[in-house]
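Trainee: Chains A and B are the protein sequences, given in the same order.
Under the working numbering, residues 1 to 480 are what the first sequence spells out, in order.
Under the working numbering, residues 481 to 1264 are what the second sequence spells out, in order.
Bear in mind the hints are in silico, worked out from the structure with no lab data behind them.
Hints are all accurate, no fakes.
Below, computed lysine to aspartate or glutamate pairings styled on DMTMM-like, alpha-carbon distance capped at 20 angstroms: (1) 855/B - 658/B; (2) 240/A - 290/A; (3) 855/B - 950/B; (4) 591/B - 535/B; (5) 586/B - 1112/B; (6) 586/B - 136/A; (7) 586/B - 161/A; (8) 240/A - 698/B; (9) 240/A - 711/B; (10) 240/A - 900/B.
Some chain A residues judged to face chain B by a derived CB distance under 7 angstroms, without partners named: (11) 260; (12) 266; (13) 267.
Every beta carbon over 10 angstroms from chain A, so not counted as near; a handful from chain B, in silico: (14) 590; (15) 658; (16) 770; (17) 809; (18) 834; (19) 862; (20) 901; (21) 984; (22) 1031; (23) 1073; (24) 1234; (25) 1235.
A virtual CB, placed ideally from N, CA and C, is assigned to each residue, including glycine.
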Amino acid sequence: MSRADRFIHRRTVLHGLAATVTLPLLDAMLPFGRSRAAASALADGAIGLGAGSLGAIGVGAGAQSASALGAAATGAAPRRLIWLFIPNGVEATSWAPRGNGHEWRPDGILEPIASVREHVSVFSNLCHRNASALGDGPGDHARSAACFLTGVHPRKTAGDDIQVGVSADQIAARALAGTTRFDSLELGLEQGMESGNCDSGYSCAYSGNVSWRGPSTPNAKETSPRELFERLFGGGAPPKERARRRALRQSILDHAQADAARLDRALGAGDRRRVAEFLEGVRDVERRIEAGEAALPDPADFGLEAPRGTPTDHREHLRLMLDLLIVAMRIDATRVATFMYANEGTNRPYPFLDIRDGHHDISHHGGDAAKMERFRRIGRFQVEEYARFVQKLAETPDGEGTLLDHALVAFGGAIRDGNRHDHDDLPVIVAGRGAGVHVPGGHRAMSTGTPLCNLWLAMARSADSTIERQGDSTGALTLS
Amino acid sequence: MGLSTSIFLRAVVISATASVSAAPSTPPLAREEMKRVSAFVHAWCIECHQGSDAEGELDLNALLTRWNEVGHAASTPGREGEAETEGHASDLQRWIEALQRVDSGKMPPRKAPQPPAAEVEALSTALREALRQALDSVESKQPGGAAGAARGFDFIEKREQPIVRRLTRGEYRRSVRDLFGVDIDFGSLLPVEDPGNGFDTASDGLSLSPLAVERFIEAAERVASAVAPDEASWNGRWFFEGTQLQRAGSGSMSDGAQMLWSAGRISANWHAPADGRYRVRVRSWGQQAGEEPVRLSLRVEPRRTIATFDVPNERDDPLTTEHTSELVAGATRVDVVFLNDFWKPDHPDPRRRDRNAAVVSIEIEGPLGPPPTPKTLVLPPGAELDASHVAEFVRATATRAFRRPVEDHEVRSLLDIAGEGASPRTQLNGAIAGMLAAPSFLLRTDAALPSGYGAAARLAGFLWSSVPDDALLQAAAEGRLDSPAERALEARRMLDDPRSRALAEEFATQWLSIRELDRRVPDPSRFPGVDAALLASMREETIRWFDAMVRERRPVREVITCEWSVMDERLMRHGGVGRDEVLSAPDADGWRRVRVERGGVLRQPSILLATSNPTRTSPVKRGRFVLAALLDEEPPPPPPGVPQLPADAGDHGASIAEMMERHRSDPACAACHRSMDSIGLLLERYDAVGRVRNAPAIEAELPDGRIVHSSEQLMSALVADAALARTLARRLLVYATGRSLSPSAREASDHLADELGASGTLHELIVRLVELGAFLPDAGGPRS
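The following block holds chain A by itself, in its conformation from the complex (with noise of 0.2 angstroms):
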C-alpha cells in the first residue's frame, strides 16, 4: 500500500464516532511531508501565548514529540483564519472607539458589537501606507483592495500585467495546505465587475478580489451559494456512483495533464503561466480525490438543504453564505477563508435598509448630512451581521470548546473614511481566541501608523510560526 492510501483522514476516523472526541495525532495523519517535530511547532503555536488562554497548547517548554501528542490530547482543535472585508470605507465621525481596553464604549456605527463584546478586540491606529496613491494618481478602491490583504501598492494597469502580492490568506493556506479538502475558500457577494471602466486604469481584477494566490494570481470568488454546496457536499450521489465519478475525474485530469504537458512544449518561449496555473489547479482537485471523497459529510446531519439558487435580498444571501462558511468550518472542509461584503467601489443600493442611492456615491457625502445618516446605517449594517457571524460561531461547538475559541475572525477595509480616502487608522476588528493566540482586549490603540500588516502576521503565524514578514510588516502584533 503506498503512503498514500494509508494516508487516514483525521475526519474519516472521526466520522465514525458518536461522540465528538479529539484524538491524538498520529504519525499517518499528518499529511505528506510533515513530520511530527513540523506539527509539534505547529501545535506550540504563535507569539505571545496569554496565560490561562483556553487549551494550553504545547506550553512552549520543550517542543517534544510527547507534548505534541499531549497538546492535541488536549483538545487543541485546528485554528481557523476568516477575514471579512466591507469596501467603500465608513463614516468616520462615527468609528470612534472611546475609552481603552475593555473599559471602551461600543457607540455609533460598532454599537451593534455590544452583544459579542466580550470575544473582540477593536483596534486603532492600523493602516495601509501602500493604499495610498504614492504617486499613481487616482484609482483608490483598486489599490484599496489589492493592498487589504497583501499589504503591496498594485502595479497600474487595465489588464496586460496586473500584479499585487500573496495576500496573508493564502500565506496561511499554504502552511496548512494538505489538512484539509479546500486549502482556502474565497466567498463574496457580487462577482467580477462590469466591463468598460474599472476604477481610473486599473484593472477590475484588484478590486473584486483581496485573496491572492500569487503577485498576479487572484482567487475568484464563490458567489452562489448552490454552487458551495455542492463544493462542500457533491452532488448527493450514492457512494458506489460516487467511485466510479472519482475514477472517472483521476482518468479526465490524467489526460489533462498530459495534455498540458504537450502544450508546453508547443508554448516554447511564450506565456506559460496559464498552463502552470491549470497544472496547479488540476494537482488541486487531485489531492480532493485522493483524500478520500468517500467520506463526504451527508448535509441532512446539519439539517441542510441545497439552496435552490441566490436570494435576491442582499442581507439574505450574506446570511447564507456565512451560514454556509460555518458549515465549511464544521466539516473542516477549509481552515482558511475570505469574505467580501461587496467589491470594493460597489454602487448597490440596499433596499432593505431603505436606502435607495448606491453605496459608492453614498459613502462620497461631502459632508451632507443626510447622506452620512445612509452611510452610518450601511456601515451598522455590516457590523451587525459580523456580530451575528461571531455570536454563531461562538455557539457552534468544536472538539472542547466552540468554533470561536478555535478562530481568528477579522473585520475591516482599507479606506477609512469614505469621504476622504485615507488609509490610516483603518476600520479594523478581531474576534476569537484562536486557540490561544489571542486575548480579546477591547479597545487597542496601536501607536500611530503601525501596519495593519502587522496583525495579518500576527494572524498567519498562528497557522506557520516560522513566517518572517507580511506585506510592509514591521513584526508581529501580540494578540494576547
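Given the structure of chain A, go ahead and fit chain B onto it with the hints provided.
Mentor: Positioned in the frame of chain A, the structure of chain B alone reads:
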C-alpha cells in the same frame, strides 16, 4: 617633495579633474539607444515637457541630462554609488511611465502632431533596451536596490510575449453549443471574468485560479452526462414504499401502505433527471364502498395527469398498474390522486360505508431506451452506435474543439479515459469530458497553433465567440488564411451565419457598457415598473439592433443617426411607441422593427440607464460615455476626494446644470468637465430610465472645439468625420486580438477607418479588419 613629484601630482590632479568634468573615459549606459530616445523626445515631446513648468511635471530634458550624468557615474570607478540614489530610481520609474503612455497612444495628446507608428516602435525598442540595461546595472551592484523602479521591469519584458488566456464564459457556452448541438445554461458554474482594457477577451484577469479549474472540470463532466450519458448513469430506478411516501389529506399508515380516508394525494418526492420516457408502477388497493370502485389518477408536477385507473382490489390483493409517459427533465413529484372519496354512514352493510384508497408503493423507471447521443453525431441510417462511430466522432470533434489537427495518440488517449473494456457509449462519455477539460480546449493559444490555425481560431473567436467550423478548418489546412483576401471571404461567410449574433451579444454589450444591465436597480419609488424584465428587454433591444446593423450592412453613421430600432411590447409601452410606428410584424418572440426618433445608441434606454444613477440622471456619466465610447477620448479620472452631487437633484435638467456650474468655475475641474458635462447635459432630454422629457437647450463644446446647441447638432457633429469609425475599429481590434493595440496596429486600424469613414458599413469595417496583419497572432514577434 621634489619638482618631478609635484609635477606628477599636479598632473594626476589635472587628469582626475578632467575625467570628472569633461568627456568620460568610458561611455554612458546604453548610449546609442538613448541617442535615439533623445532624438524622439526633441522631435515630439520637448515642447511641453521641459523646464520647471513642464506639463504633468515631467521634465524630459532634465531626465535626459541626468541619465547621461548617471551613465557617467555608473561607468566611472569610484562613482558607482551615485547610480543607486533614490533620485535615479524614481527617474527610471518616470521613464517607464512615459514609455507606457507613448506606447498606448495617450501621448502625444490628440491635438498635437502625431509621430508615425514606425518611429514610436523604434523609440519603444530603444528605450526598453536602455531601461533594461539600467535596471540590470543597478541590480547587479546592489541587489534589491532601485526596487521601486524594478516594478516596471516586467512591463518591459512581458510585452513581447503572445498572450495566452482561458476561454470566456460566453465562448465556452457557444463552443459547447457548436460542438454538441445543445445550448446549456451554465448558470453560476463557470468562473466570471474580470475584464481589462474594456473587454473580457483582453484581460489578464482571465487567469486560472484553482476554483476556475475545478469549475471547468465540473462543467466538462456535466456536459458529457448531458449530451452523451453512458448506460450506467442513464437508466435509473427509484422505489418508494409506504413510509417513503408523503400524504396530503387525512389518512394513516395501514400495513405499510399510505391510506387516504378523504380526497387527497399520496406522493413520491422525485424529479426527472432528463427528458425521456418513464415507466411508473403503482401498487394500490382500496376499501370499496358505493357503486363504483376506487378511482385513482396518476399525476406529475407540474399538474399533468398521466393516467386514470380503477382499483377494485382490496387489501389482501393489491393491484399493480403500469403507466408510461414522456417527461421533461426537472419534472417533480409523482402523485397518486384519490378521485372519488365516498362516505355513506347509514348504509346497511357496515363494510360498504366508506371508500378509501391506499398506495403500497410507487416505482419509477427511466428514462427508458438507450441513452441519447450528441446531435452532432450522425449515424448512418439504421446503424447502431459502435466503437468506430465513436472514434470517428471523437476525432472530428476534438479537431474542432482544439482548433487544430489532432494526432492518433490524442484520440486514443481520449477514448481511453473511460478505462479498459468500456462500452462505446462509456468511451464517448469519457472522451467528451476529457476533451472539454483539456487545456487545448480551455486555453486560447492562437500563436502556438500550427500555421493558419491561429488565424482560424481568431476568426471564430472574433465573429462567433466559438470554435472554428469545418469549412474554416479546411481553409486553414490549405494555407488559405495567410491571404488577407481569403480571410475576408471567410469573414463574409461567417458574418452572414446566424452565429455572428455573438458579436452583438459580446462585443456590443461590452463596448456600450450594458453587459451587467440586469444588475442595476433604478429606484422603484421614482421609477415604478422599471423591473428586471424591462431591463432584460432593454439589453435585448441593443443586441438585436446591433446585430441588424451588421447583418443589413448599415453605415457606421447610423450608430448615431439611425431612426429605427427593435422592440418588444414591454419596450414599446415604456417608450410610448404606438402602433403606427411599427414597421414589421412581430417575430416568434414578439420583437418587431419600429420607427423611433433619431439617436441610435444615444436614445436606447439600455445605454441611458447604464449612464445614470439609481435615482437620477448623470450628465457626467453620459458625457463620459460619448467621449470614451464614441470618440475614443476617455477623459482622465477625477482627482481623489471629490464629493458627489446630491441624489435628490431631481429630474429637472436646470437644477443639475446649476450644480454642474461648480465643475466649470473651478479651473482644475473645468479642463475636462467643460466638454464632458455639456455633452451630457444635451442628453438630459432622456431621464434616468431612457424616457423622453423636456429639457432646456444647452451649449456644448466637443473636445476638438466645435460648439453644438442641441442633441441633433451633437449627432451630426459625431458623424461628420471618421472619428466614430476610428473608435469602432480600434475597439473591435482590441476585442478581436485580446490585447491593447500596439502603435502599428493602431495606425493600421485608423487608416482603415479613415478610408471607410462614417458612410462605410459596419459589415465592411469588420471584414477589412480581419485583413490586417495586426489581426493575426504573431508567434514570438514583438507586440502580437
